[in-house]
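*Asks:* Letter by letter, the chains look like this.
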Amino acid sequence: MGLFDHKLKDLQELLRKKEITVSDLVDESLKRIHEVEDKVKAFITVDEENARAKAKELDAKLSTEEANNILFGMPIGIKDNIITKDVRTTCASRMLENFDPIYDATVMNKLHNAGAVMIGKLNMDEFAMGGSTETSYFHKTYNPWNLEYVPGGSSGGSAAAVAAGEVPFSLGSDTGGSIRQPAGYCGVVGMKPTYGRVSRYGLVAFASSLDQIGPITRNVEDNAYILQTIAGVDPNDATSADVPVPNYVEQLTGDVKGLKIAVPKEYLGEGVHESVRNAVLEALKVLEGLGATWEEVSLPNSKYGVSAYYILSSSEASANLARFDGIRYGYRAKDAKNLMELYKKSRSEGFGDEVKRRIMIGTFALSSGYYDAYYKKAQQIRTLIKQDFEKVFENYDVVIGPTNPTTAFKIGEKIDDPVTMYVNDLLTIPVNLAGLPGISVPCGFNNGLPIGLQIIGKHFDEGTVYRVAHAFEQATDFHKQKPQL
Amino acid sequence: MSRISKEDVKRVADLSRLTFEEEEIEKFTTQLDEIIRFAEQLNEVDTTNVEPTSHVLNMKNVMREDVSEPGTPREELLKNVPDHKDGQIRVPSIIE
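Going down the list, the sequences are from chains A and B.
Sequential numbering from 1 applies to the first sequence in our numbering.
Sequential numbering from 1 applies to the second sequence in our numbering.
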């Protein structure tokens with residue numbers, strides 16, 4: 001049994017009893033990276049030097065009060081769109097290939113204060129736009145369960161690194177499913193918190209009304225501990241919510257008696273693979289066995305989610321990515337004759353195709369004469385999708401369905417067909433549009449590839465989502481299986 | 001019928017401050033047309049009198065005290081600037 005097969009709480013116990021050191025934990029992570037990174041390629045940057053130095057520094061503090069923090073000494077990987085001071089942050093783009101941030105994201109400050117050790121920066125789709133990590137400027141990441149398959153995306157590196165045991169925990173970001181989808185494909189636990197639960201300060205913006213940072217871990221309890229650490233209002237992010245952060249771990253009681261589950265018929269309908277549908281129905285039986293009840297409901301507007309999402313997220317992206325002009329930071333093209341040419345050449349050479357596609361969609365949707373037909377219409381659909389969920393939550397505690405309609409697809413299979421790639425996110429997108437918390441937990445396998453169960457809660461009710469996910473996890477063995485690498 | 005023409009793509013590219021080779025224009029015309037066609041399924045839905053949602057939480061303006069703080073040092077701000085001289089950011093000529 002490897003060190004990272006222990007849950008966070010047990011690792012902390014071993015540290016406190018001085019049976020292991022922080023250096024042991026960091027060595028374990030780096031050793032595993034050296035063993036499997038050639039195959040998985042989850043990282044853009046491995047920060048070995050700083051990680052080892054930090055470990056030594058923390059080992060000297062093992063007997064201090066500081067060491068009582070649950071995350072003290074724990075190695076963690078960070079998606080490369082989260083700003084890390086003095087550690088290159090690329091967004092997997094040529095545009096930011098040499099970008100050295102001068103400050104830390106709020107989540108990084110919180111992790112540092114808790115004593116966590118950053119191991120490195122994880123691969124992703126360029127600027128988080130994609131569902132396969134194939135649009136990274138640097139390299140692809142491979143699914144640890146089968147290296148011919150994608151790990152999902154955009155937080156593909158974050159999910160693959162945890163599944164492969166390179167780090168026990170990571171942070172990702174989720175705009176339309178980018179934490180839950182790869183967590184589902186890689187058989188790990190991925191939480192997208194309520195919009196506003198975690199500060200976005202220092203998260204390179206893609207679609208500001210949808211983006212949220214969240215943890216990816218091997219089990220639900222670890223996930224709850226990490227969200228506990230990074231959640232909360234932040235004066236540097238005016239959209240972070242001033243809502244108290246409850247004790248999530250306390251809520252992991254294993255008790256779901258009387259819990260009322262809604263299962264949207266749209267989430268088990270057309271396009272959802274039989275193996276996925278069956279795994280979800282089996283999971284519902286498990287929860288029934290624990291005393292919960294479930295009923296079929298309808299989210300009639302969810303089928304419009306993908307279209308509305310691509311209009312809204314691309315529109316926001318086109319505005320957010322206007323800042324990359326080759327002037328103050330990022331890639332600057334050579335030999336531009338005038339300022340306009342500098343803008344155009346720097347952006348055209350610095351961004352990859354998918355990013356350009358989204359900027360073009362967004363600019364088109366916001367351009368004069370089209371605004372009402374596309375952007376405003378999509379915002380109205382967003383209202384209807386949000387209301388669908390509100391109605392269901394009047395009578396139910398959680399909504400459950402699959403995370404993804406299928407298991408992971410093959411590398412190269414969808415990359416040339418944007419619409420097919422987009423439709424793949426149909427079960428995760430409505431959750432972002434409504435701003436709700438959602439988690440993916442392992443609930444089965446098909447042909448050796450993991451299947452994810454999605455549990456969606458009310459605004460700021462991550463506690464119930466975790467409680468249900470944990471009860472299910474404790475009653476099953478899926479999370480204990482590991483890929484052979 | 002095609003919703004997006006090559007001219008549309010060139011116009012949007014200009015607004016986006018992007019340039020494309022002729023064959024890329026062809027590709028983007030086809031792809032954007034497919035994406036917009038797909039997005040037009042939203043027209044099936046009657047949204048008369050539906051308020052648009054720009055932000056999911058019921059938040060109003062978030063205010064704070066206006067307290068002055070030291071700014072970021074110039075060396076730090078220049079750290080990622082591709083071209084600078086004497087503490088200034090250098091750009092190509094703006095006026096022809």
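There's no promise every hint is true.
[Said to hold, decoys possible] A few chain B residues facing chain A, derived, Cβ under 10 Å:
1) 2
2) 14
3) 28
4) 34
5) 42
6) 44
7) 56
8) 64
9) 70
10) 76
11) 87
12) 91
[Said to hold, decoys possible] Calculated cross-link-like contacts (lysine to aspartate or glutamate; reagent style DMTMM-like; alpha-carbon spacing at most 25 Å):
13) A:303 to B:33
14) A:110 to A:49
15) A:18 to A:66
16) B:27 to A:353
Simulated from the structure, these hints should not be mistaken for laboratory data.
Using N, Cα and C, we set each Cβ at its ideal position, and we do this for glycine too.
*Asks:* Could you run down the list of hints and mark each one as holding or not?
*Replies:* Results for each hint:
Residue-level restraint check for residue 2 of chain B is violated (minimum Cβ-Cβ distance to chain A is 14 Å; threshold 10 Å). Given hint, residue 14 of chain B at the interface with chain A, holds; its Cβ is 8 Å from that chain's nearest Cβ, closer than 10 Å. At its closest, the beta carbon of residue 28 of chain B sits 6 Å from a beta carbon of chain A; the interface hint therefore holds under the 10 Å criterion. The criterion of a C-beta within 10 Å of any C-beta in chain A is met by residue 34 of chain B, whose closest approach is roughly 5 Å, and the hint holds.
The interface hint given for residue 42 of chain B holds, since its Cβ lies 5 Å from the closest Cβ of chain A, which is under the 10 Å cut-off. Proximity of residue 44 of chain B to chain A holds as hinted, the smallest CB-CB distance being about 8 Å (cut-off 10 Å). Hint status for residue 56 of chain B: holds, given a least beta-carbon distance of 3 Å to chain A, under 10 Å. Hint status for residue 64 of chain B relative to chain A: holds, with the closest Cβ pair at about 6 Å, below 10 Å.
Violation of the interface hint for residue 70 of chain B is found here, the shortest Cβ-Cβ separation to chain A being roughly 13 Å, above the 10 Å cut-off. About 5 Å separates the beta-carbon of residue 76 of chain B from the nearest beta-carbon of chain A, less than 10 Å, and the hint is met. Checking residue 87 of chain B against chain A by beta carbon gives a least distance of about 14 Å; that is not within 10 Å, so the hint is violated. For residue 91 of chain B, the suggested interface contact is upheld, since its CB lies about 6 Å from the closest CB of chain A, less than 10 Å.
As the CA atoms of residue 303 of chain A and residue 33 of chain B are separated by approximately 20 Å, the hinted pair is consistent with the 25 Å bound. For the given pair, residue 110 of chain A sits about 21 Å from residue 49 of chain A by alpha-carbon distance, which is consistent with the 25 Å threshold. Distance hint between residue 18 of chain A and residue 66 of chain A is fulfilled; the C-alpha atoms sit about 15 Å from each other, no more than 25 Å. Distance restraint check for residue 27 of chain B and residue 353 of chain A: the Cα-Cα separation of roughly 11 Å lies within the 25 Å cut-off, and the hinted pair is therefore satisfied.
Consistency note: the structure conflicts with the earlier hints numbered 1, 9 and 11.
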